[in-house]
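**Q** With chain A's structure known, arrange chains B, C and D on it following the hints.
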Amino acid sequence: MNAPVTVRVQREDFDLAAEVASLSRGRGDIGAVVTFSGLCRDEAGVLGALELEHYPGMAEAEIERICHEAVKRFGLQATTAIHRYGKIMPGENIVLVVTASPHRQAAFDGANFIMDFLKTSAPFWKKEHRADGSTGGWVSAKDADDTARDRWSPKG
Amino acid sequence: MNAPVTVRVQREDFDLAAEVASLSRGRGDIGAVVTFSGLCRDEAGVLGALELEHYPGMAEAEIERICHEAVKRFGLQATTAIHRYGKIMPGENIVLVVTASPHRQAAFDGANFIMDFLKTSAPFWKKEHRADGSTGGWVSAKDADDTARDRWSPKG
Amino acid sequence: MSTVSLVYFSWVRERIGRGEETLELPANVVTVADLLAHLKTLGEQYEAALEHQNVIRAAINQEHVDHGEPIAGAREIALFPPMTGG
Amino acid sequence: MSTVSLVYFSWVRERIGRGEETLELPANVVTVADLLAHLKTLGEQYEAALEHQNVIRAAINQEHVDHGEPIAGAREIALFPPMTGG
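Residue numbers (the working numbering), protein chains in the order written: chain A, 17 to 172; chain B, 17 to 172; chain C, 944 to 1029; chain D, 944 to 1029.
Next comes chain A alone, as it looks inside the complex (with noise of 0.2 Å):
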């Protein structure tokens, strides 16, 4: 497989647009693109921002791990994955992830993919600040998260 994937770890908001014109740019190849972006929420006003902590190096090389899996799971023909690190404010994007195939479901199927690998396995840490100036300590890690992952293992 020689599809190309892009990863970035970055302070700086992303734009969706560039980043699948990029990727499907001179292709008549490409059948079908699926884009993941993950935001901040709000909390229903109580959360003021995020914030991310990641691990330089190791960020980049297991989100690379993950996405070159992918392509040779899915048979994808590209993927882009941005992660953003750094003070976060709500509505704000947090992470993106973008899939090019012939077909629809291994587009599908990789974003989603990468995403639940990407929560388990990307070394990343969220620490919420509270709207009120106060801190509303670390976020939890879920359980949900690694039933997610699980469910790509052969065993299920």
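Hints were generated in silico from the structure; no laboratory data involved. The structure displayed is predicted, hence computed values, not measured ones. A couple of the hints might just be wrong.
In silico DMTMM-like cross-links for lysine to aspartate or glutamate, where the CA-CA straight-line distance does not exceed 25 Å [what the hints assert, rightly or not]:
no., chain 1, residue 1, chain 2, residue 2
1, A, Lys-88, A, Asp-45
2, D, Lys-983, D, Glu-994
3, B, Lys-158, A, Asp-125
4, B, Lys-143, C, Glu-963
5, B, Lys-143, B, Asp-29
6, D, Lys-983, D, Glu-1012
7, B, Lys-143, C, Glu-990
8, A, Lys-158, D, Glu-994
Every beta carbon over 10 Å from chain A, so not counted as near; a handful from chain B, in silico [what the hints assert, rightly or not]:
no., residue
9, Glu-80
10, Ala-123
11, Asn-128
12, Ser-156
Listed next, with one range per pair, are the computed distances between beta-carbon atoms [stated by the list, open to error]:
no., chain 1, residue 1, chain 2, residue 2, range
13, B, Glu-59, C, His-981, 52 to 62 Å
14, B, Ala-60, D, Pro-1025, 42 to 52 Å
15, C, Gln-996, B, Lys-103, 23 to 33 Å
16, B, Ser-156, C, Val-973, 30 to 40 Å
17, B, Val-62, A, Ala-160, 38 to 48 Å
18, A, Asp-162, D, Glu-994, 16 to 26 Å
19, A, His-84, B, Val-62, 27 to 37 Å
20, D, Pro-1025, C, Asn-997, 53 to 63 Å
21, A, Ser-169, C, Glu-990, 48 to 58 Å
22, A, His-84, B, Glu-80, 34 to 44 Å
23, C, Lys-983, A, Asn-18, 19 to 29 Å
24, B, Ala-60, C, Gln-996, 29 to 39 Å
Idealized CB from N, CA, C, for every residue including glycine.
**A** Positioned in the frame of chain A, the structure of chains B, C and D alone reads:
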């Protein structure tokens, strides 16, 4: 459910970023946005263009029915579906589906569901024009699309 | 006799040779299946379009219906092949 | 004795009170589990950070490893809580 459903059937191309922005602007409750773009493949250079015929009125109505069903079934916060008609060149967009939800799986499932039903229920028909100028004829419906749709039924 | 608007799409339209028409239907045409059988008596082009009757899809007033559906009260009946959008 | 670079993240970092340090490890520290046990002898802040040892994740040279993994040859060992990105 009072989730906004936006459906358009149009000749002109759509702007992915603008559609995502208009669906999520000013909202702090959205955690996940999934987009699906379906593109015209060049079939290794054989295809010159697709011509999309549709049933005006029913095309919009049917896609709206599918979107409302998806909103109800997956608890979507908003959904947009745009389907083009007329002559479409390889590499160009044919269809766009955007779904928003608090958590990622509902957004993935909602977009996947809408595409499966749109393929089999929305009144559109594709005619192929070959790159050599000859007519490739009408595209045949695929059993695989019926199978994909039927997986959403209670009895599998 | 009742008057109904018929619309055709894709290769059904091409084989019949028109996209729409208004027809008077005899009283014994009760269901979509009856309509298909009646149309096939109207000429070769209808026979060619509706030859494989089981693949023909129908909509009444812009909603999908089965061939067993009564057509009474229909303003517009559409006939077309399986859809290939998306 | 061997020298190893340690990096900490999230509440492991906060509780230990630093993000990185270089330590000399005794020869009987063979696995990640041995390392965690050793660190807990270094002071209250390490005890607090590593109290629930089974939830601590480790990476050697930026790849995830289990607690049973030997640390011989590690340039950089990272300790952190379960990840919450995405």
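**Q** Does each hint fit the structure? Answer for all of them.
**A** Against the structure, the hints come out as follows:
{"no.": "1", "hint": "A:Lys-88 with A:Asp-45", "verdict": "holds, 17 Å"}
{"no.": "2", "hint": "D:Lys-983 with D:Glu-994", "verdict": "holds, 8 Å"}
{"no.": "3", "hint": "B:Lys-158 with A:Asp-125", "verdict": "holds, 20 Å"}
{"no.": "4", "hint": "B:Lys-143 with C:Glu-963", "verdict": "holds, 19 Å"}
{"no.": "5", "hint": "B:Lys-143 with B:Asp-29", "verdict": "holds, 19 Å"}
{"no.": "6", "hint": "D:Lys-983 with D:Glu-1012", "verdict": "holds, 18 Å"}
{"no.": "7", "hint": "B:Lys-143 with C:Glu-990", "verdict": "holds, 22 Å"}
{"no.": "8", "hint": "A:Lys-158 with D:Glu-994", "verdict": "holds, 20 Å"}
{"no.": "9", "hint": "Glu-80", "verdict": "holds, 21 Å"}
{"no.": "10", "hint": "Ala-123", "verdict": "violated, 7 Å"}
{"no.": "11", "hint": "Asn-128", "verdict": "violated, 5 Å"}
{"no.": "12", "hint": "Ser-156", "verdict": "holds, 15 Å"}
{"no.": "13", "hint": "B:Glu-59 with C:His-981: 52 to 62 Å", "verdict": "violated, 40 Å"}
{"no.": "14", "hint": "B:Ala-60 with D:Pro-1025: 42 to 52 Å", "verdict": "holds, 46 Å"}
{"no.": "15", "hint": "C:Gln-996 with B:Lys-103: 23 to 33 Å", "verdict": "holds, 31 Å"}
{"no.": "16", "hint": "B:Ser-156 with C:Val-973: 30 to 40 Å", "verdict": "holds, 31 Å"}
{"no.": "17", "hint": "B:Val-62 with A:Ala-160: 38 to 48 Å", "verdict": "holds, 46 Å"}
{"no.": "18", "hint": "A:Asp-162 with D:Glu-994: 16 to 26 Å", "verdict": "holds, 21 Å"}
{"no.": "19", "hint": "A:His-84 with B:Val-62: 27 to 37 Å", "verdict": "holds, 31 Å"}
{"no.": "20", "hint": "D:Pro-1025 with C:Asn-997: 53 to 63 Å", "verdict": "holds, 56 Å"}
{"no.": "21", "hint": "A:Ser-169 with C:Glu-990: 48 to 58 Å", "verdict": "holds, 56 Å"}
{"no.": "22", "hint": "A:His-84 with B:Glu-80: 34 to 44 Å", "verdict": "holds, 40 Å"}
{"no.": "23", "hint": "C:Lys-983 with A:Asn-18: 19 to 29 Å", "verdict": "violated, 54 Å"}
{"no.": "24", "hint": "B:Ala-60 with C:Gln-996: 29 to 39 Å", "verdict": "holds, 36 Å"}
This entry does not satisfy hints 10, 11, 13 and 23, going by the numbered hints stated previously.
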